[in-house]
Amino acid sequence: MEEKVKAIIQRYGNDKSFVIPILQDIQREFNYLPREALDALCSILGVSQSLVYHLATFYRAFSLTPKGKHLLTVCMGTACHVRGAPQIADHLERVLGIKLGETSKDLEYSLETVNCLGACALGPILVVNDEYHGQMTIAKTGKVLASIGVKVRSDEKA
Amino acid sequence: MKKLESVAELKSLREKLVAGRDPQKPCVVICAGTGCLAYGVMALIDRFKKELKKRNLLDTVDIRSSGCPGFCERGPLVVVHPRKIFYQRVSLKDVNEIIDETVLKGSVIDRLLYKDTATGENVVTEDEVPFYKKQMRLLLEMNALIDPTLIEDYLTLGGYGALGKVLSGMKPQAIIEQISKSGLRGRGGGGFQTGWKWESTRAAAGEPKYVICNADEGDPGAFMDRSLLEGNPHSIIEGMVIGAYAIGSSRGYIYVRNEYPLAVANAVIAVEKARELGLLGKNILGSGFDFDIRINRGGGAFVCGESSALFASIEGRVGEPRQKYTHATDRGLYDKPTCLNNVETWANVPLIINKGADWYASIGTEKSKGTKIFSLVGKINNTGLVEVPMGITLREIVYEIGGGVPKGRKFKAIQTGGPSGGCIPEKYLDMPVDFDELTKIGSMMGSGGMIVMDDRSCMVDVAKYFLKFLEEESCGKCTPCREGVKQMRIILDRITEGKGDEKDIELLEWMGQGIIDGSLCALGGSAPNPVLTTIRYFRDEYMAHIRDKKCPAGVCKALISFSVNKDACTGCTACAKVCPTRAATGEKKKVHTINQETCIKCGACYDACKFDAIQVK
Amino acid sequence: MADTVTLTIDGREIKAPAGTTILEAAKNANILIPNLCHNEELAPYGACRMCMVEITHKKRVRLVVSCIAEVSEGLQVKTDTDGVRRVRTLVMHLILARNPSHPELQRMAAELGIGTTMFGVDFKGCIMCGQCVRVCREVVGASAIGFKSRGPSRAIATPFDESPEDCIACGSCHYICPVGVIPMEEHDGVRRIWKTDFPMAKCKTCGRYFATEKEVAFYRTIAKLPDDAFDTCVHCRSVKK
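Just so you know, the protein sequences line up as chains A, B and C, in that order.
The first sequence begins at 17 in the working numbering and counts up one residue at a time.
The second sequence begins at 502 in the working numbering and counts up one residue at a time.
The third sequence begins at 3 in the working numbering and counts up one residue at a time.
It should be emphasised that the hints constitute simulated quantities derived from the structure, not laboratory data.
Some hints could be false.
[What the hints assert, rightly or not] Chain C side only, calculated, beta carbon under 10 Å to chain A, not exhaustive:
| # | residue |
| --- | --- |
| 1 | Val135 |
| 2 | Arg139 |
| 3 | Ser151 |
| 4 | Glu167 |
For glycine and all other residues, C-beta sits at the position ideal for the given N, C-alpha and C.
Given the sequences, and given the hints that come with them, work out the whole structure.
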């Protein structure tokens, strides 16, 4: 892992001011920010742990815990909100058994929100593994969930 | 392609490209913007390619994935050139017919045409589409004509001509004069005179100077910049090179939101192509002028749209705004003179240089020149991007171009200016939209987001939504924003749960003013606006929640109940099938009921019912 | 002198060198403007917003934080207007909701006529003045602690919420905290802060514990001193002839 981190840092000329793009590359490489990678980053680049921890917890793009295999993102922009996005988010929380921002214990699913993707005509939008699904309704979530293997709990219907 | 060493070489390359294009050659143009991607347009494009290949037509028929023209409501959009026959809501099953009938025979497929909702008539060509016709699409027009990943498309249509003009002997002072004379004001919401900003940066002491494009469009519901950067990144690059030349800067940045992957990708490709041709880098077109652009991605923080937070982010710090009483033009990025402009502002620059400041100043109002792109979203028939001259009224935007409120519902309010702006009621629909007018009624034009609401939108819920948004996006440094916005949100939570107090409104107004005055940056400084404007114009609705414990619009869960209208219910069981808690039950063909104890008010039954039999009170 | 400007604060004419902040200029004239995040040893921070004042310059009136805004020729400053008071009062109520009991906060509140907060108390103790983080970064140079998260979740934290690896347990954060919410204790040659034990160094001469081993190593490194530097305590070093 240290080798990969070193290579990423070298791409940016070992320059401290590029710490955020470096973190973004690490996030993309490992699907989260592993502690080991961050420790290597601090010692190779010469930035403090306190800075890196603040960056990792300040910006939504970063996650200090591994993300699930399937990433579901509900857009909560104003247009989507006005078209019922909160109800969709609530419904997904119920079906997946996790709260917004959490990952299931078996690391299969992560459920997140995003504040506007800029595709407002199709709101409400649900993104599943980088695929955009527009004009969502609670009923339509069933098909999308089935496509990633979510079995709806027997005491619920979708 | 070979690097261009002079303006003359740029001209001959353009001539060569134009000569190599046959304007009569059939071309299928398909919008591949983010909105249409969500419609599954990639599969559509693949199918067109496959079918053209099958018919051995790949040499005789061109296919182009274009940028977003903004008619998002009707996507996927397919325009067949040269006649520009306009098809909307195209699906995979239409592909063969479009090729065989329209491309090869020139006949029009009626069912795919846009039907004018006012006259009921079919519209055949793109230029006749009322949604486009009523706009003044100076910036967006090109989006529908080019593939944003091909610099050749941009060049063929005259792209980089303004840069050529500038590097053919225009002095920096003259360039700035043109921009000042045009009256161009910042399109990101601040509305500062662009010419003044460029002049200040130019005159400031300190090297190096920086030129930055703010593409961190964070206002939810606003996607003008997304479509410009995705759909025509070269127009922004060209604007930046011209600006950098005028200011005396050799270093540029484009700071793009992380949530716009396509805009990032297309900007990266565009910068690479521009560099390849020598339009960026050292000795641009042999002028001796060096300038290059670095692309930085945001980390997922709305506050990074604020200038000093944006600089902090580029510098490798958290997006905390800095309290400074000096302008960024004196001390900005790395404490050096910095000119930060919005995407749309930069995109206007080549236009002004090409057609002249006088032409530009003839559009718009006395103090707000040119056009503005608005994103019209929410409860509106024609959701999408609307580019119109400044000074047009809200009514024209909502009804003439937007097509009014769908499903026969009643217009209630339009929210402008994003989380910094306010909600405007019907009585002000005849107000002209520009930088200054809307501030008179407590709102603002902002970056251009316009969210239409109908009688089923609860204004108290909307105010709560914006506070929650800002609470999450606050950097947390200063007390009024970090603690104050949260406390305002807590009060709104109480009100929407039916636990409001008569004194709450006065308290919200008092707190609001304190937060506006006391916050470190504009995020906190404008956070109370949605609350204050909704109190000002929809006080009755607040009182209904507080005094009567009712939500007239039927939104606030704690104050509403879902029930079945016995007279309308047909027993189709659609509601029972979707109810997640089995609260809605009933036998087939018999009137259904909703158990109030187990109903979680998710609204699934309301969405599913085709007979208007679910009542929300 | 060309470098001095004349301004008025609450009607009084004051002279101050150019580049002075309004807060400093006021203090030098014995006008005390309330503040919570300001500390003369640290760079101005502008976060608490208590030091807000109203300024009028060339007919333009606005509210600014006096810890950062600088004096200028002809500036008129008012330290207690309705607008200023509203911000201070709001800030005080908001801070009291985080820490209703500290005597210094209560004193400051009383001056504004406030007894208890109008908001629900969600006790945090920390008032987010950031002085601990700032002293560790700017004065000590260790950057051992910092902030985490943003918005109302923003909090002082050790990296990864674990024992801070870069901390030398110098105690600067403990001493600088205006509300004393960073506990530090010493027992039997061990200093404990941030839930971490730091063994202390013993004076070669008198045998007393005088600093932590990490402190000593840190000071040796930054001052580029040999390994036996600081092996005796200050008292014994100064007695030595």
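Okay, the hints, checked on the actual structure:
1. Because the beta carbon of Val135(C) sits about 8 Å from the nearest beta carbon in chain A, less than 10 Å, this interface hint is met.
2. The beta carbon of Arg139(C) comes within 8 Å of a beta carbon in chain A, closer than 10 Å, and the hint placing it at the interface holds.
3. The interface hint given for Ser151(C) is met, as the beta carbon of that residue sits about 5 Å from the closest beta carbon of chain A, less than 10 Å.
4. Given the 10 Å rule on beta carbons, the hint for Glu167(C) holds: about 6 Å separates it from the nearest Cβ of chain A.
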